[in-house]
Amino acid sequence: MTRVPSELRDEIPSFDTKVAGDRGPIDWTGLTSFRTAKSALEIGSIVALFAVVFFGLELVLRWTNTPTYVFPKPIAVVRTLANEFTGVYAHHLWVTMYEFLSGYAIGSAVGLLLAALITQKPFAEKVIAPYVLIMVTTPMIAFVPFLRLKMGFGSWPLIIAVALAAGPMVMINSATGFRRTDLAKIALARSYGASTLQIFRKIRFPLALPMIIVGFMVGSIFGLLTAVGGEMVAASEAGGLGERLVYYSSLARMDEFGAVILIIAALGVSIYVLFYFVGKRWASWEA
Amino acid sequence: MVLIEPKLRIEHATKTYATKTGHVRALEDFSIDVDEGELVCILGPSGCGKTTLLWALSGLHALTSGRILLDGTPVEGPRPAEIGVIFQEANLLPWRNLRQNIEFPFEIKKRRVDTARVDALLHDTGLEGFERSMPRELSGGMQQRASIVRALAQNPGVLLMDEPFGALDAFTRDEMNLLLMRLWSESGKTIVFVTHNISEAIFLADRVVVMTPRPGRLAHVYEIDLARPRTVEMTFEPGFIELVQDMKRTVETGGRAVLEVE
Numbered sequence: 001m002t003r004v005p006s007e008l009r010d011e012i013p014s015f016d017t018k019v020a021g022d023r024g025p026i027d028w029t030g031l032t033s034f035r036t037a038k039s040a041l042e043i044g045s046i047v048a049l050f051a052v053v054f055f056g057l058e059l060v061l062r063w064t065n066t067p068t069y070v071f072p073k074p075i076a077v078v079r080t081l082a083n084e085f086t087g088v089y090a091h092h093l094w095v096t097m098y099e100f101l102s103g104y105a106i107g108s109a110v111g112l113l114l115a116a117l118i119t120q121k122p123f124a125e126k127v128i129a130p131y132v133l134i135m136v137t138t139p140m141i142a143f144v145p146f147l148r149l150k151m152g153f154g155s156w157p158l159i160i161a162v163a164l165a166a167g168p169m170v171m172i173n174s175a176t177g178f179r180r181t182d183l184a185k186i187a188l189a190r191s192y193g194a195s196t197l198q199i200f201r202k203i204r205f206p207l208a209l210p211m212i213i214v215g216f217m218v219g220s221i222f223g224l225l226t227a228v229g230g231e232m233v234a235a236s237e238a239g240g241l242g243e244r245l246v247y248y249s250s251l252a253r254m255d256e257f258g259a260v261i262l263i264i265a266a267l268g269v270s271i272y273v274l275f276y277f278v279g280k281r282w283a284s285w286e287a
Numbered sequence: 001m002v003l004i005e006p007k008l009r010i011e012h013a014t015k016t017y018a019t020k021t022g023h024v025r026a027l028e029d030f031s032i033d034v035d036e037g038e039l040v041c042i043l044g045p046s047g048c049g050k051t052t053l054l055w056a057l058s059g060l061h062a063l064t065s066g067r068i069l070l071d072g073t074p075v076e077g078p079r080p081a082e083i084g085v086i087f088q089e090a091n092l093l094p095w096r097n098l099r100q101n102i103e104f105p106f107e108i109k110k111r112r113v114d115t116a117r118v119d120a121l122l123h124d125t126g127l128e129g130f131e132r133s134m135p136r137e138l139s140g141g142m143q144q145r146a147s148i149v150r151a152l153a154q155n156p157g158v159l160l161m162d163e164p165f166g167a168l169d170a171f172t173r174d175e176m177n178l179l180l181m182r183l184w185s186e187s188g189k190t191i192v193f194v195t196h197n198i199s200e201a202i203f204l205a206d207r208v209v210v211m212t213p214r215p216g217r218l219a220h221v222y223e224i225d226l227a228r229p230r231t232v233e234m235t236f237e238p239g240f241i242e243l244v245q246d247m248k249r250t251v252e253t254g255g256r257a258v259l260e261v262e
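Those protein sequence lines, which keep their order, are chains C and R. Take 1 as the starting number for the first sequence in my numbering and just add one per residue. Take 1 as the starting number for the second sequence in my numbering and just add one per residue.
Keep in mind that the hints were calculated from the coordinates and are not lab data. Cβ coordinates follow ideal geometry from the N, Cα and C atoms, glycine included. A few of these clues could be false.
Beta-carbon label-pair distances, calculated as ranges [stated by the list, open to error]:
1. Thr-196(C) <-> Arg-249(R): 26 to 32 Å
2. Ser-284(C) <-> Arg-112(R): 27 to 33 Å
3. Ser-284(C) <-> Ser-139(R): 16 to 22 Å
4. Ser-195(C) <-> Arg-117(R): 21 to 27 Å
5. Gly-239(R) <-> Trp-282(C): 43 to 49 Å
6. Thr-196(C) <-> Ser-139(R): 33 to 39 Å
7. Leu-226(R) <-> Phe-277(C): 34 to 40 Å
Take these sequences, add in the hints, and give me the full structure.
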């Protein structure tokens, strides 16, 4: 015969009705306004604003005869980017992506796992919490020179820095998610004889998923920041987008500098949009 | 004399919760028998231990003392093959659509979905065509109907219902009560139905068990001899209204008035 489920044993049955059904704390539609822009007028206005800024800047820079080393002209920047992307930038993009993705994968996996484990034990959570807070608030870029000194000129120092930056972000948000226990839903699963593992897989995890996705998104933004910033501080031999920024700015090659900025911006926006769709697909029930 | 064993037997059920401010006695020396195929309503004010009793019946809570027997064997944990629980509000999983919610118990039990049974129940409860809807797209009544289908699809002998229609408006509640009685008379299940609504209790039940405010004790048991099938019109008849008033007094006085009269 099965035993009485332990997590339900000695609390007065209560029902957290907020979690069920209605809108949760996360509104995915707020992530990007592009999807909510319905009419042609709205979309047209967004494109028009871009055109005004882009060409307006170009015109102002031409009229004022601003030299490139003071401010690059947008058209020249785009032309540089198009001409030299495959020759120069693709390599550095790959270096940064490699550091970012490796570190992010390690950091977020460890962060998610730790979050799932420590939320099972309130004591462990209380002990670990201050250290996670320190890790979240300390800029991990600060460790890159130190790691560089210890580990040489490969990509590992940056991979570790990215992991240290992204991991705690994934962890605190996921932990918030895993703490959202809904007693009534656990009772439901238990009444059908669910095991603790089934409760985790079919109740706790889906309930936590929206917050986990938020954690992955915030973590990815911090990870990219750390990858690029770390390269600016102390890049590997292979370079990377951050290293290029320092290099071009020190030589006042502002067209190339602008082109690298565009690539980094595109990278950031892509990550954002990716998580928007991930959120829509896997956590739309909360939006 | 032939002794027929009751389907459910509750013997001296007592439950004490340990809270930060001390012990809370939710249920005290509560005993009743429920026969097979009977529909018993447990009526009491909020916080009188009705939900505690139901969770103990479903094996979700252990009693502090006393015991519960289902078909003669003590309930010491969830009995998913024999008991189906219907919770307050619908308690659907918001990340699953209606169909996936109904299939949830099959997944937990690692059994193949009884598609024919599920389809028949969906048809019976008027949920056909909403299988792919998410819970928040459904009305409160439809959500609760889905949760009834979810429980009935498992074909348990006993249904435990914890104020299932408490959050619904009066019209939907009547409609749900009629649906429940129809399903009950067709299936012959044993139902324990917890409510704080007096006329709902009388309308549904063979017997109404009135509980006292905390700690929940048995105040009085009413046999309801209203003819079946019951209609909403019956609730407007003088006899029904008298019974409601009488029961209201019992709830308020915790059964003392009735005992004095007797």
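Of the hints given before, which are not true for this structure?
Going through the list in order, the structure violates hints 1, 5, 7 and respects the others.
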